[in-house]
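Please put together the full structure from these sequences, using the hints given.
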Amino acid sequence: MELELSRLVRGDAFCAPRIYINMNERYLGEIILWSGKRLPKHFKWCDGSELEIEHNTALYSVLSDKDDYKDPAGKTFTLPNIPNLGNYRYIICVEGNYPSFF
Numbered sequence: 026m027e028l029e030l031s032r033l034v035r036g037d038a039f040c041a042p043r044i045y046i047n048m049n050e051r052y053l054g055e056i057i058l059w060s061g062k063r064l065p066k067h068f069k070w071c072d073g074s075e076l077e078i079e080h081n082t083a084l085y086s087v088l089s090d091k092d093d094y095k096d097p098a099g100k101t102f103t104l105p106n107i108p109n110l111g112n113y114r115y116i117i118c119v120e121g122n123y124p125s126f127f
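Note that my numbering has the sequence shown beginning at 26, numbered continuously upward.
No lab work stands behind these hints, which were simulated from the structure alone.
Glycine included, every Cβ here is placed at the ideal spot set by N, Cα and C.
Don't take every hint at face value.
Label pairs and their in silico Cβ distance ranges [as the list claims (entries may be wrong)]:
1. Asn112 / Glu79: 15 to 25 Å
2. Ala98 / Glu50: 17 to 27 Å
3. Leu110 / Glu79: 29 to 39 Å
4. Ile56 / Thr82: 16 to 26 Å
5. Gly111 / Ile78: 26 to 36 Å
6. Ala98 / Gly61: 15 to 25 Å
7. Thr82 / Glu50: 21 to 31 Å
8. Asp72 / Lys100: 12 to 22 Å
9. Asn112 / His67: 21 to 31 Å
10. Gly99 / Ser60: 31 to 41 Å
11. Ile78 / Tyr52: 15 to 25 Å
12. Glu55 / Pro108: 14 to 24 Å
Next up, the structure:
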């Protein structure tokens with residue numbers, strides 16, 4: 026993750042640093058703690074929402090180690106449901122580099 030620390034001084038106030046998520050460095054299924062109100066591109070909230078296996082086969086193959094995420098019919102799976110930490114929420118990368126398991 027690149028961190029731009031350009032702080033512009035305006036009186037006594039500083040502008041907050043901008044954080045950029047570089048998708049070339051993100052892995053499919055990677056979960057990070059997020060403080061923003063809007064989701065970055067290619068991420069979803071870890072709120073237990075359902076996704077179709079047919080349209081998300083790569084992500085399903087990363088998460089399919091547990092049958093807890095799969096519905097009995099085998100057509101959908103759920104994202105992890107991780108509780109919020111105050112103003113912070115967990116997000117999961119749904120498009121990115123496929124992790125290699127060596």
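Cross-check of the supplied hints:
At roughly 35 Å, the beta-carbon separation of Asn112 and Glu79 lies outside the given 15 to 25 Å, and the hint is violated. Look at Ala98 against Glu50: about 36 Å separates their beta carbons, and that is not inside 17 to 27 Å. About 33 Å separates the C-beta atoms of Leu110 and Glu79, a value consistent with the hinted range of 29 to 39 Å. Checked against the hint of 16 to 26 Å, the C-beta distance between Ile56 and Thr82 comes to roughly 19 Å, which is consistent with it.
Judged by the Cβ atoms, the range 26 to 36 Å given for Gly111 and Ile78 holds: they are separated by roughly 33 Å. For the hinted restraint 15 to 25 Å between Ala98 and Gly61, the CB-CB distance of approximately 35 Å leaves it violated. Separation of Thr82 from Glu50 is about 23 Å and conforms to the stated range, judged on CB atoms against 21 to 31 Å. Against the hinted window of 12 to 22 Å, the Cβ-Cβ separation of Asp72 and Lys100 comes to about 20 Å, which satisfies the hint.
At roughly 22 Å, the beta carbons of Asn112 and His67 sit within the given window of 21 to 31 Å. Checking the proposed 31 to 41 Å range against Gly99 and Ser60 shows it holds: the Cβ atoms sit about 36 Å from each other. Between Ile78 and Tyr52 the beta carbons are some 20 Å apart, a value that agrees with the proposed interval 15 to 25 Å. About 19 Å separates the C-beta atoms of Glu55 and Pro108, a value consistent with the hinted range of 14 to 24 Å.
Checked against the numbered hints above, the structure breaks hints 1, 2 and 6 and satisfies the rest.
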